[in-house]
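**Q** Quick note: the sequence shown uses this note's numbering, first residue 183, plus one each step.
I should point out that these hints are in silico values taken from the structure, not numbers from a laboratory.
Quick caveat, the model's predicted, so the values are computed rather than measured.
Here a beta-carbon is modelled for each residue, glycine too, at the ideal position from N, C-alpha and C.
Misleading hints may appear alongside valid ones.
[To be verified] Heads up, simulated DSS-like pairs for lysine-lysine below, C-alpha to C-alpha not over 25 Å straight-line: (1) Lys-293 x Lys-223; (2) Lys-223 x Lys-306; (3) Lys-310 x Lys-223; (4) Lys-273 x Lys-310; (5) Lys-247 x Lys-319; (6) Lys-293 x Lys-319.
[To be verified] Label-pair restraints from in silico Cβ distances: (7) Gly-267 x Trp-384: 39 to 49 Å; (8) Leu-212 x Arg-381: 20 to 30 Å; (9) Gly-336 x Gln-204: 20 to 30 Å; (10) Glu-219 x Ile-374: 27 to 37 Å; (11) Glu-279 x Gly-206: 34 to 44 Å; (12) Ile-346 x Lys-247: 22 to 32 Å; (13) Ser-349 x Ala-229: 24 to 34 Å; (14) Arg-222 x Leu-276: 16 to 26 Å.
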Amino acid sequence: MTDSHRLVLASASPRRLQLLQQIGIEPFALKPADLDETPRKNEQPRALAQRLAAGKAAAVYAMRKEDPDLNGCYILAADTVVAVGRRILPKAELAEEAALCLNLLSGRTHKVFSGISLITPKGKTRTKVVTTKVRFKRLSHDIDPYIASGEWRGKAGGYAIQGIAGSFVVNLAGSYSSVVGLPLHETSNLLIGEGFPLRLKWLGGVE
183 MTDSHRLVLA SASPRRLQLL QQIGIEPFAL KPADLDETPR KNEQPRALAQ
233 RLAAGKAAAV YAMRKEDPDL NGCYILAADT VVAVGRRILP KAELAEEAAL
283 CLNLLSGRTH KVFSGISLIT PKGKTRTKVV TTKVRFKRLS HDIDPYIASG
333 EWRGKAGGYA IQGIAGSFVV NLAGSYSSVV GLPLHETSNL LIGEGFPLRL
383 KWLGGVE
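Make the full structure from the sequences, and use the hints.
**A** Quick look at the structure:
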């Protein structure tokens, strides 16, 4: 039995893969897009999330020329941006970056913007940005041990809510899965709206 509705995830993130699997989707392929994620001058966090998600999807869609197997696939991309006010926090790679992020987030509310972009087999592009507000407790005694854990590495804002940092969250208004890396409600709505047989896949069927 073959599945004519194939989805390619434009990411190498294990978190996004797990979230897709949670709603019954096993991607046909993982195709991370190599983009410069540096914010443009005066670019707002929401606009950055949308631009990067759309750019990743478009980059993978363009790979069809070299990889014919991508023809007829849905391409799904996402990007997560953490911001305090208009200040965009980095995807921390160094302990100093993570510590700076955590000190900024300590005891205050920040926003997480998750951009998602879907390109259909016919080349139609749909994009959406989901905003979630997250409030952290004061982290005065938590920062050094958390840095030592290494969990923050490569994470937007220097933390992973699905791990140890979940204990930092006092309140969350919006989508938890969006903060993890992929807003499931909005993603499933986009897919279903563009003819992807998501509910059929829950039954183990294909079209």
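**Q** All the hints need checking, so say for each whether the structure fits it.
**A** Right, here's what the structure says about each hint:
1. Among the hinted pairs, Lys-293 with Lys-223 is consistent with the structure: their alpha-carbon atoms are about 20 Å apart, no more than 25 Å.
2. Taking the CA atoms of Lys-223 and Lys-306, the gap is near 29 Å; set against the 25 Å cutoff, the hint is violated.
3. Restraint check for Lys-310 and Lys-223: the C-alpha separation of about 22 Å stays at or below 25 Å, so the hint holds.
4. Proximity of Lys-273 to Lys-310 is assessed by CA-CA distance (about 21 Å); at most 25 Å being required, the pair is judged to hold.
5. For the proposed pair Lys-247 and Lys-319, the alpha carbon gap of about 49 Å is over 25 Å, so the pair is violated.
6. For a cut-off of 25 Å, the pair hint linking Lys-293 to Lys-319 stands: about 15 Å separates their Cα positions.
7. Evaluation of the 39 to 49 Å hint for Gly-267 and Trp-384 yields a pass: the beta carbon distance comes to about 41 Å.
8. A hinted range of 20 to 30 Å for the beta carbons of Leu-212 and Arg-381 is consistent with their spacing of about 24 Å.
9. Taking the beta carbon of each, Gly-336 and Gln-204 are about 21 Å apart, inside 20 to 30 Å as hinted.
10. Between Glu-219 and Ile-374 the beta carbon distance is about 29 Å. The supplied range of 27 to 37 Å therefore holds.
11. The supplied range of 34 to 44 Å is met by Glu-279 and Gly-206, whose beta-carbon atoms lie about 36 Å from each other.
12. The given range of 22 to 32 Å is broken by Ile-346 and Lys-247, whose C-beta atoms sit roughly 43 Å from each other.
13. At about 32 Å, the beta-carbon gap between Ser-349 and Ala-229 stays in the expected band of 24 to 34 Å.
14. Distance hint check for Arg-222 and Leu-276: the Cβ-Cβ separation is about 23 Å, which falls inside the suggested range of 16 to 26 Å.
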